[in-house]
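Listed here are the chains, written in short residue letters.
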Amino acid sequence: MFFQTIDILGTIAFAISGVLVAMNKRMDPFGVLIIAFVTAVGGGTLRDIMVGVEPVSWMRNMTFVYVIIGSAIFAVIFRNYLKHLRRSLFLFDTIGIGLYTVIGIETGLVAGLHPIICVALGTMTACFGGVTRDILCNEIPVIFRKEIYATACIVGGLSYFLMRFFLKDENYLFVIAGLVVIVIRLIAVRFQISLPSLYTSEDSDKQ
Amino acid sequence: MFFQTIDILGTIAFAISGVLVAMNKRMDPFGVLIIAFVTAVGGGTLRDIMVGVEPVSWMRNMTFVYVIIGSAIFAVIFRNYLKHLRRSLFLFDTIGIGLYTVIGIETGLVAGLHPIICVALGTMTACFGGVTRDILCNEIPVIFRKEIYATACIVGGLSYFLMRFFLKDENYLFVIAGLVVIVIRLIAVRFQISLPSLYTSEDSDKQ
Amino acid sequence: MFFQTIDILGTIAFAISGVLVAMNKRMDPFGVLIIAFVTAVGGGTLRDIMVGVEPVSWMRNMTFVYVIIGSAIFAVIFRNYLKHLRRSLFLFDTIGIGLYTVIGIETGLVAGLHPIICVALGTMTACFGGVTRDILCNEIPVIFRKEIYATACIVGGLSYFLMRFFLKDENYLFVIAGLVVIVIRLIAVRFQISLPSLYTSEDSDKQ
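As given, the protein sequences belong to chains A, B and C, one line each in that order.
The first sequence runs 116 to 322 under my numbering.
The second sequence runs 116 to 322 under my numbering.
The third sequence runs 116 to 322 under my numbering.
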C-alpha cells in the first residue's frame, strides 16, 4: 500500500515532466504521450529487466497505465498554467527521483541483493527515465547538467543503509531517504551547487 | 506458420532499411551488417526482454539470422538499383512497422496482457529498431520526423481490438491491423499529414 | 577461475577507459564513477538480459563492484600520470574488447546457442559498454570511428569457432581468440587501416 502510493506519485511526477519536455519540442499528441510513458516507466523497466522481474511491473498493473495517460491529459489541458510555473517545474522531476530511488532500493532488498547494488538500482530507477526522455528529445541528459542529480540519488540511497543502524521502521527509513534525495537536489539547484570536476588541465587531445 | 511468415517479411524489410541508412553513412561492410541486425531485431529484442521471453526470439531461431545476413548481402549487391528507388524506399520501413506492430500485439496476447499493453508492445516492436538505427547512425529518430509514425502503430493496434468485436478470425484481424498501420503511414507521408503540435507559445525558456 | 580472472581484467580495463572519457568531459566524481560503471558492465548487462541470466552477473558478484570502484579511484588518483599516456590509452579499451568478446562467446556456449549467435553475443558484450559510454558522454560512438572496432570482435569470434576444428583445449582457444581481437584492433589503429565503405556516389538525398 505504502509503496504502491509513492510509486504512483513518482509516476505522475515523471509523466508530467515528460509531457512538458515533449510539448516544448513541438511533438504531436501521440508523441507527447509516448515521451510521458518513457519518462515514467523507463527507470523501472531497466530495473525490472536487470533483476529479472518479468513481464515488467507496469505491464502487470494497469493502474500505472491509467495514471500515466491521465497525467498526460491533465498536463496537456493545463499546459498554459503549467508553463507559467516553468521556473519551478523541475520540482516534478525532483520529486520523481526521490520517490523512484526509494522504489529501486526496495526492489533490490526484495531480491536479496547487496546494499551497494540496491543503491545502484535506486539510482538507475530514478535517472534512466529522465535520461531516455532527454536523449529522445535531443536535450542534454539530466545527469550531465551542472547541478547535482545522480549524486543526490546515490547519497540518498547510502543514507538509507546508514540510518538503518539507528532506525528500525522501514517506512520511516524510506521516507527519510526519499527526502534526502529531494532536499539535496533542491539545495543544489537553488544555490547552483555542483561538485568540483576532476579535470586537471586544459589539453583536450583525443586518444 | 502465418506469424512466422510475416515476421520474416518484416525482418527483411527492416534489414534492408538498415543497410540503406548505414551505407548512406559510409560505414564499412561489418558496420552495415550490424546496423541491419540492430534495425531488424531491435524492436523484437526490447519486446522479448520486457515480457520475459529469453533467450530472445532471434537467438533461438537461426532463420532470422540467415534472413538478415541474406537481406544485407542482397541490399549491398543491388545498392545502385536500390539507390535510384530512394524516394520510395521508405516503403520498406513502412511495411516493417505494419508487420512488427502485429507481431508485438500477438506476443502480448500470448502472455495474457491487457489490450492497452499489447498495443504498447506492438508500437515498441515496430518503432524501437528504427529508433536505435537512427540514434546509432546519428540521424533524427524516425519518431521525431514530421509525418505520423508511432501514431500509425498505435491506431493500427487499437483497430485490432476494436475490430475484434465484429470479426472472429484472428488471421484476418492481424492482416487488417497491419494494413491500417501501413495505409496511415503511406497517406501521412504522401500528403505530408502530421498531427498538430501541442506547443502554444514562442517562449523557449529552459527550466 | 580462468574466466573469472579475464572477466576482472576486462572490467578494470573498461572502468579505467570510462574514467578517462568522463574526466575529459569535466564530470564530477560521482559522474565519473557512473560512467566507469556503465562502461564496465554495459556490455555484460545487455548480454545477460538477452540470454535471460537474471539478476545480471555483476549484481550477484560484489567482486565486480569493488573492482570497478577500486579502478575508478586508482584512475582518478593517477589521472595526471595516465593523461601523459593518453596517446596509448586506447590500449585499455582494446584489451577490454578482446577479453569481453571471449566472455560473451562463453555465455552463448553455456546457454547452448548457435556459433553465429555466440559471435554476436561476444561482439555485443565487447562493444555495448563503450557505445553507451560514448553516447552518454556525447562522443562519436566507438563503432563509428574510422578504424576497425566491431569488425575485430566479429573476426576474433569467428576465429574461435574455426580454430575449434584443430584445437581442443578451450582455454587456449579463448586466449587465442582474445588475442586475435586485440591484435587486429592494434594493427588497425597503428596503421590507420579501415575497411572500404560501401557508399557509391555523392548524392545524399534523404528518403
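In short, the hints are calculated from the structure, not lab data.
Accuracy of the hints is not assured; some may be wrong.
The list cannot tell twin chains apart, which means a pair is met if one copy fits it or any two copies do.
As the list claims (entries may be wrong) - In silico lysine to any residue, SDA-like type, Cα no more than 20 Å apart, as pairs:
1) Lys-140 to Asn-286
2) Lys-140 to Glu-254
3) Lys-140 to Leu-313
4) Lys-140 to Ile-250
Going through the hints against the structure:
Proximity of Lys-140 and Asn-286 under a CA criterion of 20 Å is satisfied in neither setting, with 39 Å inside one chain copy and 39 Å between copies. Within a single copy, Lys-140 and Glu-254 get their C-alpha atoms as close as 10 Å, and across copies as close as 17 Å, so both meet the 20 Å cut-off. In this homomeric assembly, Lys-140 and Leu-313 come within 20 Å of each other (Cα to Cα) only across copies, at 9 Å, whereas the closest approach inside a single copy is 33 Å. For a Cα distance limit of 20 Å, the shortest separation of Lys-140 from Ile-250 qualifies both inside one copy, at 12 Å, and across copies, at 17 Å.
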